[in-house]
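**Student:** Residue numbers (this note's numbering), protein chains in the order written: chain G, 1 to 397; chain F, 1 to 101.
Some clues are possibly wrong.
[Said to hold, decoys possible] Listed below are the simulated PhoX-like cross-link pairs for lysine-lysine, each with C-alpha atoms no more than 20 Å apart in a straight line: (1) G/K87 <-> F/K22; (2) G/K155 <-> G/K130; (3) G/K130 <-> G/K87; (4) G/K87 <-> F/K52; (5) F/K22 <-> F/K38; (6) G/K126 <-> G/K155; (7) G/K164 <-> G/K125; (8) G/K65 <-> G/K87; (9) G/K125 <-> G/K155; (10) G/K283 <-> G/K262; (11) F/K63 <-> G/K278; (12) F/K55 <-> G/K130; (13) G/K27 <-> F/K52; (14) F/K38 <-> F/K55; (15) F/K63 <-> G/K130; (16) G/K261 <-> G/K191; (17) G/K66 <-> G/K29; (18) G/K315 <-> G/K283.
Derived by calculation from the structure, the hints in this document are not laboratory data. As the structure is a computational prediction, the values presented were derived from the model and not from experiment.
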Amino acid sequence: MQDRKFLIVDMDAFFVSCETAAFPELKGKPVAVCTGRQRGGVVASASYEARKYGIKTGMPSYMAKKLCPALIQIPADITKYAYISEKIMTFLRSLVPLVEVFSVDEAFLDVSSVEDAISFGRMIKKEIRKRFSISATVGIGPSRVIAKIACEISKPDGLREIKKSEIEQVIGSLEIEHIPGIGERNAERLKSMGIRTVRDLLLYPEELLYRRFGVRGLWYKNLARGEDAGFFTLLEDGPQIKSIGHSETFPRDIFDIEDIKKYTLYLSEKVARRLRCKNLAAKGVSIYVRYFDFSGYSISKTYSYPLHTSGDIYKRALSMIFGVNHSKPIRLIGISVFNLVPYIKQLSFYVEDEREELLARVVDEINDRYGDFTVRRARLVSSIFKHNVIPPRGIPR
Amino acid sequence: MINKDLTFLLFHGIHLYTMMEKLHERVSVRAFFDGRGKIIPLSIYWMGRNLKLLKPDAIWREKIGNSLRSYFSVSDGVNRFILSFNHETLEWRIEEVYSAG
């Protein structure tokens, strides 16, 4: 059987690249695309020139400006990024049959049948630059995790292949945070156990890893071996949606119960609409609350019955939010649903349930035609909600 | 509306653009349509002047309900314009203008 080969295309500082494509005057300057709000927002993407000053994704905008007073901050334009991303993904799909969109700015291609993967990667880079004025880094490897590592170590604008025979030599000495799937916090935990490099992780007894991290520990070990370990969605199974969520950084920190209810309803509507579009229901709801000082908490609950309407999600999310005593102003709320199952319409004993579903269907039809939230609940009419959320994964609807 | 909060102001003493105006104003545009969806604005008639545009630096689209809008980031060599074209009403608008003051 032929060995598998994967290629990842990862756009360099994607949001900033989209902006420099639209405003070529910004090329070569320290630029950050910021989201949330003009004051108190966070950096969503920083140019490599800005990164030299220590500016990172997720950093508060004011802190970024402090590190680099000459930083040019641009408000995020999610429509632009989503469109350019979609165009790039369409281009990639025209090249090979198996493409897995991993996030808004990266995709895996199964290039097992491509004879010269390096030339193929070079062509992709060239075309993306020519068509979209965006630079991309390409990584190639026998598994997705190795391709991703090859990509990460050759950023920006790089091209690198790690062959099967080179895996240990190339990745063995890398620090563990270079392994995709090992987050900052767990990397720290691993380091406290004396595991600093990939090689250390490989030599560490599996049993002890399991005791400390559970199944995740075994995953880490497999990832260090260069095996995908179920961390990535399998190309072969087609795209799988595991969860649907929305979060919103508010224009100002909120403390008022009515405001919290309003935003929770707004987010529940958005989540429920996407569920309905995909004809899915959810058996789990999770909420995330972030306070003004960036501390926060999250709660998840699973249910034995599927939830489908905005009302269903709103009630559960609200009870989770109000289940905690809030002593600080809130800057962000996120709601997501998981354990997704196909939606099967069931006859209800209650007329109200039928009416709510019928109403949702009619409202969806109108909003499909005239735009989201053209018709909305009375409670949301007076509110100004901007679509400024950048999802960490996936292309926004 | 002049938006001074948005940046593009000064960078190391070099003027990028010192002013950004959000206009959303109707404008006459001479454009090339290739009949297969490709649209290229060639010139605009704005403030009593005919401004020849350079090749668009970026084009993106937005779907609001059933209506489709294309956006173009174009320059006349001095100012930068964000133009929009509504595919339903065939209306061109200047959305934003970035100028050196």
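**Student:** A separate judgement is required for each hint: does it hold in the structure or not?
**Tutor:** Structure-based check of all given hints:
For the given pair, G/K87 sits about 27 Å from F/K22 by alpha-carbon distance, which is inconsistent with the 20 Å threshold. Between the alpha carbons of G/K155 and G/K130 the distance comes to roughly 19 Å, so the proposed pair stays at or under 20 Å and holds. For the proposed pair G/K130 and G/K87, the alpha carbon gap of about 13 Å is at most 20 Å, so the pair holds. Using a Cα cut-off of 20 Å, the hinted pair G/K87 and F/K52 is violated, with the two alpha carbons roughly 28 Å apart.
Taking the CA atoms of F/K22 and F/K38, the gap is about 26 Å. The hint is violated against a cut of 20 Å. At most 20 Å may separate the alpha-carbon atoms for a hinted pair to count; G/K126 and G/K155 meet this at roughly 16 Å. Among the hinted pairs, G/K164 with G/K125 is inconsistent with the structure: their alpha-carbon atoms are about 23 Å apart, more than 20 Å. Between G/K65 and G/K87 the alpha-carbon distance is near 32 Å, which puts this suggested pair outside the 20 Å criterion.
Under the criterion of a C-alpha separation no larger than 20 Å, the hint pairing G/K125 with G/K155 is consistent with the structure, at around 13 Å. With a CA separation close to 23 Å, the supplied pair G/K283 and G/K262 exceeds the 20 Å bound. Restraint check for F/K63 and G/K278: the C-alpha separation of about 18 Å stays at or below 20 Å, so the hint holds. The hinted pair formed by F/K55 and G/K130 meets the criterion: a straight-line CA distance of about 14 Å does not exceed 20 Å.
A C-alpha spacing of about 23 Å is found between G/K27 and F/K52, which places the hinted pair above 20 Å, so the restraint is violated. Taken as a hint, the F/K38 and F/K55 pair is honoured in the structure, with Cα atoms around 13 Å apart against an allowance of 20 Å. Straight-line distance between C-alpha atoms of F/K63 and G/K130 comes to about 25 Å, which puts the hinted pair past the 20 Å bound. As the CA atoms of G/K261 and G/K191 are separated by approximately 42 Å, the hinted pair breaks the 20 Å bound.
For a cut-off of 20 Å, the pair hint linking G/K66 to G/K29 stands: about 16 Å separates their Cα positions. Distance hint between G/K315 and G/K283 is fulfilled; the C-alpha atoms sit about 14 Å from each other, no more than 20 Å.
Hint compliance for this structure: hints 1, 4, 5, 7, 8, 10, 13, 15, 16 are not met, and every other hint is.
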